[in-house]
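Just so you know, the protein sequences line up as chains A and B, in that order. Just so you know, the first sequence maps onto residues 93 to 573 in our numbering. Just so you know, the second sequence maps onto residues -2 to 492 in our numbering.
Simulated from the structure, these hints should not be mistaken for laboratory data. Bear in mind the structure is a predicted one, so any value in this text is a computation, not a measurement.
Quick list of in silico lysine-lysine cross-link-like pairs, PhoX-like style, CA-CA up to 25 Å:
#	chain 1	residue 1	chain 2	residue 2
1	A	K539	A	K120
2	B	K25	B	K97
3	B	K97	B	K151
4	B	K428	A	K240
5	A	K198	A	K120
6	A	K240	B	K364
7	A	K123	A	K198
8	A	K240	A	K194
9	A	K532	A	K459
10	A	K240	A	K252
11	B	K428	A	K198
12	A	K252	B	K428
13	A	K123	A	K539
14	A	K459	A	K388
15	A	K240	A	K198
16	A	K459	A	K539
17	A	K252	B	K364
18	B	K364	A	K198
Computed spacing ranges between beta-carbons, pair by pair:
#	chain 1	residue 1	chain 2	residue 2	range
19	B	V450	A	L111	23 to 31 Å
20	A	E277	B	V262	22 to 30 Å
21	A	I382	B	I463	42 to 50 Å
Computed far set for chain B versus chain A, every beta-carbon distance over 12 Å:
#	residue
22	L13
23	Y60
24	S103
25	T294
Ideal Cβ positions, reconstructed from N, Cα and C, are used throughout, including at glycine.
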Amino acid sequence: MNYHILSSIIFLPLLMAILLGVMRAPLKVLKAGAILSSLTTLLLVVRVIIDFNPKGGMQFMQNLPWIQNAGITYSVGLDALSLVLLTLIALLMPLLYLYMLKEHRKGYWYNMLLLQTGVTGAVLSLDLILFYLFWETMLLPIFVMIGKYGNGLRQYNSMKIVLMTILGSMSMLFSILYMGYIYFETTGAWSFSLYDLATIDLSTKSSIWLTAGFLLAFAIKIPLVGFHTWMAPAYGSAPTPAVVIMSAIMAKLGVYGIWRFGYGLFGGTLHYYTPTIITLALIGLLYYAIRAITEKNLRKMFAYSSGSHLSLIALGIFLSNIYAWGGSLYFIATHALASAGMFMMIGITYNRFRSVNIEQLGGIAQKAPIFTFFFAFFALCIAGLPGTGGFVAELLIIIGAFKSSFLVGILSATTMLSAMLYIFWMLQRTLFGASHNETKIADLTLKEIAMLTPLVVLLLLTGIMPSLFIPYLEPQLLGGF
Amino acid sequence: MILTLLPALPFLSILLGAFVLMLLSHKKSISLESFNVTALFFLTLALFFELITFGLHSGDYLYPSIFKNFFIFDEFAAIFDVMFLIGTIFTLLVNSDYLKSRNYFSGEYFALLLFSLFGMLMLSHAHELLTAFIALEIASLSVYALVGYHKSKKVSSEAMMKYMVLGSLAGVFFILGTALIYALVGSTTLESIALYLHNAEEKDITLLVVGGSFLMVTILFKIGAVPFHSWVVDVYHGAPYPITMYMASTFKIAIFAIALRLYLVDFATINSFWLEMLQIVTILTLIGGSFLAISQTLVKRMLAGSSIVHSGYLLIGLSSIGLGSDIAAPAIMFYLIAYFLSAVGSFGILSFIASQSRRQMSYDDFKGFANRRPYMALMMTIFMLSLAGFPSTIGFLGKFYIFSAAIESGQILLAGLGIFTAFVSVYYYFKLIAMMYFYESQTDKQKSFPLNVSTLSIALIALLVIWGGIGTSLLSFIPGADGFIDLAKQAINSL
Chain A
93 MNYHILSSII FLPLLMAILL GVMRAPLKVL KAGAILSSLT TLLLVVRVII
143 DFNPKGGMQF MQNLPWIQNA GITYSVGLDA LSLVLLTLIA LLMPLLYLYM
193 LKEHRKGYWY NMLLLQTGVT GAVLSLDLIL FYLFWETMLL PIFVMIGKYG
243 NGLRQYNSMK IVLMTILGSM SMLFSILYMG YIYFETTGAW SFSLYDLATI
293 DLSTKSSIWL TAGFLLAFAI KIPLVGFHTW MAPAYGSAPT PAVVIMSAIM
343 AKLGVYGIWR FGYGLFGGTL HYYTPTIITL ALIGLLYYAI RAITEKNLRK
393 MFAYSSGSHL SLIALGIFLS NIYAWGGSLY FIATHALASA GMFMMIGITY
443 NRFRSVNIEQ LGGIAQKAPI FTFFFAFFAL CIAGLPGTGG FVAELLIIIG
493 AFKSSFLVGI LSATTMLSAM LYIFWMLQRT LFGASHNETK IADLTLKEIA
543 MLTPLVVLLL LTGIMPSLFI PYLEPQLLGG F
Chain B
-2 MILTLLPALP FLSILLGAFV LMLLSHKKSI SLESFNVTAL FFLTLALFFE
48 LITFGLHSGD YLYPSIFKNF FIFDEFAAIF DVMFLIGTIF TLLVNSDYLK
98 SRNYFSGEYF ALLLFSLFGM LMLSHAHELL TAFIALEIAS LSVYALVGYH
148 KSKKVSSEAM MKYMVLGSLA GVFFILGTAL IYALVGSTTL ESIALYLHNA
198 EEKDITLLVV GGSFLMVTIL FKIGAVPFHS WVVDVYHGAP YPITMYMAST
248 FKIAIFAIAL RLYLVDFATI NSFWLEMLQI VTILTLIGGS FLAISQTLVK
298 RMLAGSSIVH SGYLLIGLSS IGLGSDIAAP AIMFYLIAYF LSAVGSFGIL
348 SFIASQSRRQ MSYDDFKGFA NRRPYMALMM TIFMLSLAGF PSTIGFLGKF
398 YIFSAAIESG QILLAGLGIF TAFVSVYYYF KLIAMMYFYE SQTDKQKSFP
448 LNVSTLSIAL IALLVIWGGI GTSLLSFIPG ADGFIDLAKQ AINSL
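For reference, chain A alone in the conformation it holds in the complex:
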């Protein structure tokens, strides 16, 4: 059972999509099938969490030959790091299906199913070609969802995100191929397994170049400042479920990539880039925060806010001390929960008001108190309100930053301050103040409350009782990567 469980989690949605597609399932069956597959994966993931041994390192491994001539294997496995992301994906998908329950366009559902397979596969693969496969294929559903179901300049923006991301992927592919070749040269056999490639000795110069290939892909995905031009347009154009996945999962995958493959393959060389990345991350922190303050479109505003926080996570990873690492890993989870909730709220806002422009909102608090509560809660989580998970995580990263250098510490602490600034100002203008339209606004429905409550509960749990979660993560963090 355990041997196949990860593969089942990866491929269940894809198989469901193929099955439904071949059946030419009517909409109702399609919805039921998608929800069924997401709930089944969630159950499987719960099973994985129960069986997970925090001290066990990489587990649930499965190795199968795939393309033997080129030494490409199908190998998947799971450790604390991937467990965090896997849990997030499995948790968010049913909630997103609940969110889009009324969606009648079939392609939407198929894309979500494919997307789940893509992101899950990328999190679990331990073979670089396999990882590359999932890394690329998860882009396709996003491409279609933005381009077909998005708004604004959707065609242009979807093309932009695809081209920029693939530029990064291609540079990563080059590095992967070169490492495979070096392995071939030293051992006489081709292999692209993470553990095989980690054993090879690289000269400093080539190692620096190869690292750059990987880092470019991850920097674009995160995105670090300078590689971010796709971000705001894509977030602005994408439909809500796609935004949630992009911000909660895909951006995190960039960080995950640095962790898994950056540290896994080039532990030493990565330090060569530490000053560059830390500088970019610090600039990003401030730059994105300023852009978020001035932004009027809520989706774009939280795109920038997401960029700012991901820069903080990237910073934490490169600081390489246990506080910053722990904080980053924790922040991956809590920020994903908070931003998923926030983007869902923005989606709900759009459904209610047909606008996500701050200037056209206002005075919601009097009319829709439950809406206001959830909206404000998620916004404050993003700002790092004490008592929520984000606070714990940010605090850990900032402590880590102070440990490494006073200046970095001060600068990274500005994220919390600037986030407070734009969040509170935004809340003031959207929820309070004078209303711009006199029509009655429906408060949150039961379905919407059901969809948001798990996120709220988890955010509170992670904030109040971190001790529930830390034991899962600690052994691996102490063991280093």
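Got chain A sorted already, so can you dock chain B onto it with the hints?
Positioned in the frame of chain A, the structure of chain B alone reads:
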């Protein structure tokens, strides 16, 4: 005695078929479908002979007492034969709708197609330069005629003139090269050339190098490498869809059959002379092809431009062979299979659409295609992804092997450039996907998926493209991604 004829049966049956079709073609009473079926019968017959004799006659020559060592039978040639035959079968199957929709097709079309196929089959078996030239010209002349097949259409005639004049000029170089080699070696069989080179320690081999370069000019012209590319886009555009498909897939493979045989066996020892020239041509081809493909507005012309880029990838493989990469030759063969499938598929869909309407098929005409024909759009997407080298398709593995070979042979920058042009190609392939899916349709829905020979064979190719990319060795009874490359390796080893 008669048994030695056995391996020759495939191309004899094609020749017979060509004559039969030619003789029948003056009869107006015979319908196109009957011609189609007749041609398919001979093709299947040839494929059958090819498969039962596969690997039985490795290294044999055809009637050495009569033909000397002009024709060789080995697995290398056999695999190429199979590819040509399957390519022609697909050309006929996929385009059966298109043939019906145009009134200018008649029996000669099938005869010409089989004649050109006969030329290609000879080409893959040719073990002597003049034989190779004759085979090449048999194939080319038929293709020239086919390109200009739509006589009343100006573009078609222009394309034919352009192709024929330039193609004949390029063919002359082959003869000149052969003459120069003959002047030095005193023979034109590949064996004696290889033998001469083997013993030519301190001898002057300038003539051979010059002759070999001339041969290469012809080869580069035929595959449309820059700077011999000026005909490609116009000719592909002017030719009827079935012929464009045939040229882009099958005919291009035939050229690589002879190129691989020449440069793997014949000139193996002096490959390094051409290395720099080849590398420069490769760089030009990759960049020039990308520019051509980006700037097109008609999808057919874009595919023509991109076929130049694909030639560039194949040339990367060729120069890797020159640098002694072991995996380069199988990589080229695998890439040929991969490109062949994707090209046949994508041109097949174009020809299917063309059979339904008379549009020029610019990018704009594809707007809302996914609404009109969801399955067709899905398959077109698969082919575009494969051409772009997106993982989980066979096109990705093709590029994977080519770039690995380039890196293995130390051509890091060339591999980098290849990967970069692959990135550029994402733009013009994804643009088509975007057009199909992201825009509303101007015309009504045509939901039903017409189940006929054309569409079913396109669907089969689409499945092959996916299976070739992800097929695992777990299902050992179906050859997957591994099976293709094993086949390619076997072919190269038989040389």
